[in-house]
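Engineer: For reference, the chains in residue letters:
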Amino acid sequence: MSRRPGDEVITSGRNPAGHNRLPRYLRAKPGIIEAVHGFYPLADERAVGREAPEPLYTVAFAAADLWDADAEPNCVVHAELWESYLAGR
Amino acid sequence: MPAADAEDHGHAHPHDAATATAAANTRRVDALVARLERAGLVSESALSATLEGFLAASGPSNGARLIARAWTDPAFKALLLADADAAIAAAGIDLTHWAAVRMRAVENTAAVHNVIVCTLCSCYPIALLGPSPHWYKSEAYRSRVVREPRAVLREFGCVVPADVQIRVWDSTAELRYVVIPQRPAGTDELSESQLAELVTRDMLIGVA
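Line by line, the protein sequences are chains H and F. Under the working numbering, think of the first position of the first sequence as 1058, with each following residue one higher. Under the working numbering, think of the first position of the second sequence as 2, with each following residue one higher.
Errors might be hidden in some of the hints.
To be verified - Output of the computed footprint for chain F on chain H, the stretches with three or more beta carbons under 8 Å from beta carbons of chain F: (1) 1072-1080; (2) 1094-1104; (3) 1124-1133; (4) 1137-1144.
Because the hints were derived from the structure by calculation, they are not lab data. No residue lacks a Cβ here, since even glycine has one placed at the ideal position from N, Cα and C.
Could you build the full structure based on these sequences and the hints that come with them?
Structural biologist: And the structure:
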């Protein structure tokens, strides 16, 4: 498992045509790996009948990085994201 | 106006999108069940028994039991935070009737308030807490709680002080969450079962 808690990441900005579980509001945003969960089948592939396990992480996003000046203070949003949903390093 | 709608209400009025979607989904499920019954693959009675069995084993009282034990047993709370599935099994709560997803417990403290959502659909720990409340599946809750959690919680009557961090957990993949609320003050004398009665479904979601 290559990424570790505390690592800085940027989420993918891709807009795939098929099933995908990277919420649009979390596209191309900076975050921090909060937890590493092991391998789980990537939802995008499972949706078309293929098993493609990938590392799954919980990523923490500061509200200010998501909503800019509209962010409420002192808020963090967490989401579980597969490796494919993160930009390369 | 479709005949089915006329039969349902006898008058015409605009439905909101969620109601229309729910009605369409109901028709789709009914058609699917009817087709499977005709093919001899399922029976209505077997489906009902499965559903009743699932619901009988699911409900907020499961979550309340976990929380009361965590409030009274520090070792159990440590296990619940480190490996919620192991803690749930240790508490004698059987979730094997559920699809294999992992549970994670997140703890409210004097400095942190947690709240759960699924912005993409309506992921929820059904086996542990029972069916989700209707508002949990609403577009309003799902879209707003990640953007203005303090304002949304205030509307639920849950005022989180500015110096308390709000952590929103968006259930986007394989984990389902349960909030460990803070033990209320003045409950030192209460038994574990009395404490469990203080725990509400909304506390377990993090909106109370």
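Engineer: Now, for every hint given, state plainly whether the structure supports it.
Structural biologist: Right, here's what the structure says about each hint:
Note: the stretch 1072-1080 of chain H has 3 residues with beta-carbon separation from chain F under 8 Å; the three-residue rule is met and the coverage holds. Counting residues of the stretch 1094-1104 of chain H whose C-beta sits closer than 8 Å to any C-beta of chain F gives 3, which meets the bar of three, so the coverage hint holds. With a cut-off of 8 Å between beta carbons, the stretch 1124-1133 of chain H has 7 residues touching chain F; three or more are needed, and the interface restraint holds. Coverage of the stretch 1137-1144 of chain H by chain F holds in this model, with 3 residues showing a Cβ closer than 8 Å to a Cβ of that chain against a need of three.
Taken one by one, the earlier hints all hold for this structure without exception.
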